[in-house]
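Student: The task is simple: from the sequences and hints, build the whole structure.
Number of protein chains: 2
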Amino acid sequence: MNKGAKSRGDTAIAEDRVGTTQLESAPEPKYWHLKTVLSEALDSDFAVGEILPNERELAARFGVARATLRQALDQLELEGRLQRRRGVGTTVAPPRVGVAVGTSQHDWPGAPGDTWQAGGCTSATPPAMVARLLGIEPGEEVNVVRRLRLTHGQPVAAELLYVPVGSVPDLPAIDSPSGPARARSVLRELQRLELDSQDRAVELGSARADDAKELDRLPGAPVLVVTTRYVAEGRTAAVSVATYRADTCRLTFGDSGNVEISHHPHERRAS
Amino acid sequence: MNKGAKSRGDTAIAEDRVGTTQLESAPEPKYWHLKTVLSEALDSDFAVGEILPNERELAARFGVARATLRQALDQLELEGRLQRRRGVGTTVAPPRVGVAVGTSQHDWPGAPGDTWQAGGCTSATPPAMVARLLGIEPGEEVNVVRRLRLTHGQPVAAELLYVPVGSVPDLPAIDSPSGPARARSVLRELQRLELDSQDRAVELGSARADDAKELDRLPGAPVLVVTTRYVAEGRTAAVSVATYRADTCRLTFGDSGNVEISHHPHERRAS
DNA sequence: AAGTGGTCTAGACCACTGT
DNA sequence: CAGTGGTCTAGACCACTTA
Numbered sequence: 001m002n003k004g005a006k007s008r009g010d011t012a013i014a015e016d017r018v019g020t021t022q023l024e025s026a027p028e029p030k031y032w033h034l035k036t037v038l039s040e041a042l043d044s045d046f047a048v049g050e051i052l053p054n055e056r057e058l059a060a061r062f063g064v065a066r067a068t069l070r071q072a073l074d075q076l077e078l079e080g081r082l083q084r085r086r087g088v089g090t091t092v093a094p095p096r097v098g099v100a101v102g103t104s105q106h107d108w109p110g111a112p113g114d115t116w117q118a119g120g121c122t123s124a125t126p127p128a129m130v131a132r133l134l135g136i137e138p139g140e141e142v143n144v145v146r147r148l149r150l151t152h153g154q155p156v157a158a159e160l161l162y163v164p165v166g167s168v169p170d171l172p173a174i175d176s177p178s179g180p181a182r183a184r185s186v187l188r189e190l191q192r193l194e195l196d197s198q199d200r201a202v203e204l205g206s207a208r209a210d211d212a213k214e215l216d217r218l219p220g221a222p223v224l225v226v227t228t229r230y231v232a233e234g235r236t237a238a239v240s241v242a243t244y245r246a247d248t249c250r251l252t253f254g255d256s257g258n259v260e261i262s263h264h265p266h267e268r269r270a271s
Numbered sequence: 001m002n003k004g005a006k007s008r009g010d011t012a013i014a015e016d017r018v019g020t021t022q023l024e025s026a027p028e029p030k031y032w033h034l035k036t037v038l039s040e041a042l043d044s045d046f047a048v049g050e051i052l053p054n055e056r057e058l059a060a061r062f063g064v065a066r067a068t069l070r071q072a073l074d075q076l077e078l079e080g081r082l083q084r085r086r087g088v089g090t091t092v093a094p095p096r097v098g099v100a101v102g103t104s105q106h107d108w109p110g111a112p113g114d115t116w117q118a119g120g121c122t123s124a125t126p127p128a129m130v131a132r133l134l135g136i137e138p139g140e141e142v143n144v145v146r147r148l149r150l151t152h153g154q155p156v157a158a159e160l161l162y163v164p165v166g167s168v169p170d171l172p173a174i175d176s177p178s179g180p181a182r183a184r185s186v187l188r189e190l191q192r193l194e195l196d197s198q199d200r201a202v203e204l205g206s207a208r209a210d211d212a213k214e215l216d217r218l219p220g221a222p223v224l225v226v227t228t229r230y231v232a233e234g235r236t237a238a239v240s241v242a243t244y245r246a247d248t249c250r251l252t253f254g255d256s257g258n259v260e261i262s263h264h265p266h267e268r269r270a271s
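Chains A and B are the protein sequences, given in the same order.
Read left to right, the first sequence gives residues 1 to 271 (full-length UniProt numbering).
Read left to right, the second sequence gives residues 1 to 271 (full-length UniProt numbering).
Simulated from the structure, these hints should not be mistaken for laboratory data.
The reader is advised that the hints may include incorrect statements.
All copies of an identical chain are treated as equivalent in the list; a pair is satisfied when it fits inside any one copy or across any two copies.
[Unchecked claim] Once the Cα atoms are required to be at most 20 Å apart in a straight line, the calculated SDA-like pairs of lysine to any residue come out as:
id	residue 1	residue 2
1	Lys213	Pro29
2	Lys30	Ala67
3	Lys30	Arg208
4	Lys213	Thr125
5	Lys30	Arg70
Tutor: Have a look at this one:
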C-alpha cells in the first residue's frame, strides 16, 4: 500500500491510528479541508484502482458526520479523482482519458481503441432547440440516430444525431427497420455529403436517465454536453448532441489532439 | 407572476396552496422528482431573474427535508437554471452565454462586449503538468500572467498564462514591476510570434479558492477548465489554463461561433 | 446475508446580505 | 437586525453488489 513521505501533522487515513486524527480549527469549511487532506493522501498513499475504506469508517476516522465526508468525496469524484460504485466501494480513479472531439471526419474512429457503436435509428420530433439549429419547423419529424462511443472498451459518450429527411433523400421512408441497420445506412448517406464546417459547443449538464444507464452512471451524474452542428451544402445537415462522462473524460480539440497528458503525478497500479 | 397552464396534478409552487402539495409515490428518488417538477415550474411560472421562495419554505411546501430540496436545487444550479446567492436568495438564471474559445487570435476580444482584463504578472514554477506541456524542467521559473475574462461586464473566466522566458526574450528580467503593466507587455511580446497551431482540452473541475473569488463564486463551484497549448516556431510557446464558470457559460468552438442559442424556451424578464 | 454507497430526515448553527 | 443560503450532525432506511 505504500506509506510514502507525508509532510505535515500526518493526517493518516491509510494507517491504523484511528480516532486520533483531528481537523485543526480553520475558518474554511470542514469538507474543504477534508477534500484537501484526502487529495494529498490519494497522491501519496494510494494506487490507481485501489479501494478506499468505506464512508462510515472514513467519517469516523476524521471525526465528522458521514454527510460531511460525502461532501468531500463528491467533489473529488467530480474532479475525476475517485470512482464510487454502489454495493462495491470507492476506488481511486485513473487519470482522465483524452477524447478527441475536434477531428473533422464525422465518424472518425479517433485514437486507437476508439469506436462509435451504432445503436438504433428512430423517427421523432427533436427538442425545440435542436429544431432551431436545424432550421426546421418545431414538430417536424427527423431521423434520430443513437450511438455510443467507446474508448478502450469503456463507454464514454452517448450521442443523439438528428438528421432531417432532406439530408438523406436517397433513403427509404422513415418507418422501416428502426434498428442499428438503419442507423448505419443513415450515417453512410450522411458521409456522402461534403462537410463545409462544424460549429461546436460544450456545456455542463446532468445525465438523463437513459444516457446515464448507457454510460453506467446514476441519473443526474455530471456530464459534458457537446452540441455539434454539421454544415454541408450551405445548410445545417445534421445536429449531434453528445453526452460525455465528465468524471472520466477530458475533451481534446485541435490539430494534434494532445493525448498523453496526466494530471495526477504519482501513478501506480493497484496490486 | 403568471400562473401558466400546468398539465398534471398541479404541483404548484407559485400559488398559496401550501401543504396540499404531495409527491406521489415513485420508485425514483424524491430529489429527482422534485427537480423535474421545479424545472417545469421554472419554465412555465417564472421569469428570468425572478426570486424563488426560500429553501425552508419550498421544502415545507413539498413536504421534504431541506437537505432533499437542496439536492434538487443543486442539480438545477449545475444545469445553469438557477443562481443562488448567500444572504440574498435563489433566482432564475438567464440562459447560458455562449463564450467563444476557438477563435485563433490569442487576445481576441471575441463577441461584442467581450474583454480580457490583464491582472498581473508574476514569476513562478508552473505545476508539473504544465511544465510537461511546455517541455521545460519541473522547477524552472516562467512568467505567469493572470487575466480575467469579462462578458457583458460579468466575469466568466480566470486564466493563468504560463510563458517561458524563452518565448519573450526581449523582455527585461523577471523581477521588475509585477503588475498589469508587465502583464500587458508580456502579452504584446507573445503576439509578435506567429502561431503555428493550438491544442485545446476541456474538462470539469472545481474552482480553486482564488479563482472562485474572482469569478464571484464559492470555492469548489463547478468550472470548465480549458487548457490551451500555443505552438509557435515549432515549439510550445505558452500554455494557458482558463477556468470558466460552468453555471453561466457555454463554450463555443469552431468557425462561426453559434451564439444566439437558448436552451430554455420561455424567456421573460422579471419585472 | 453482509457490506457498500445512495437517499432522507429534523434538527442546529454559521456566514453573508440587505435594511 | 432579520432573512437568506451554506455547513454540519446523528441518526435511519433503501438499492445494489458480492459472496
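Student: Evaluate each hint against the coordinates.
Tutor: Structure-based check of each hint:
Taking the closest pair of Cα atoms, Lys213 and Pro29 come within 20 Å of each other only across two copies (15 Å); inside a single copy the shortest separation is 34 Å, beyond that limit. For the homomeric pair Lys30 and Ala67, the shortest alpha-carbon distances inside one copy (11 Å) and between copies (18 Å) are both at most 20 Å. Proximity of Lys30 and Arg208 under a CA criterion of 20 Å is satisfied inter-copy only: 16 Å between copies versus 31 Å inside one chain copy. For the homomeric pair Lys213 and Thr125, neither the shortest alpha-carbon distance inside one copy (22 Å) nor that between copies (43 Å) is at most 20 Å.
With identical chains, the CA atoms of Lys30 and Arg70 are at most 20 Å apart both within one copy (11 Å) and between copies (19 Å).
The structure fails to meet hint 4 from the earlier list, while all remaining hints are met.
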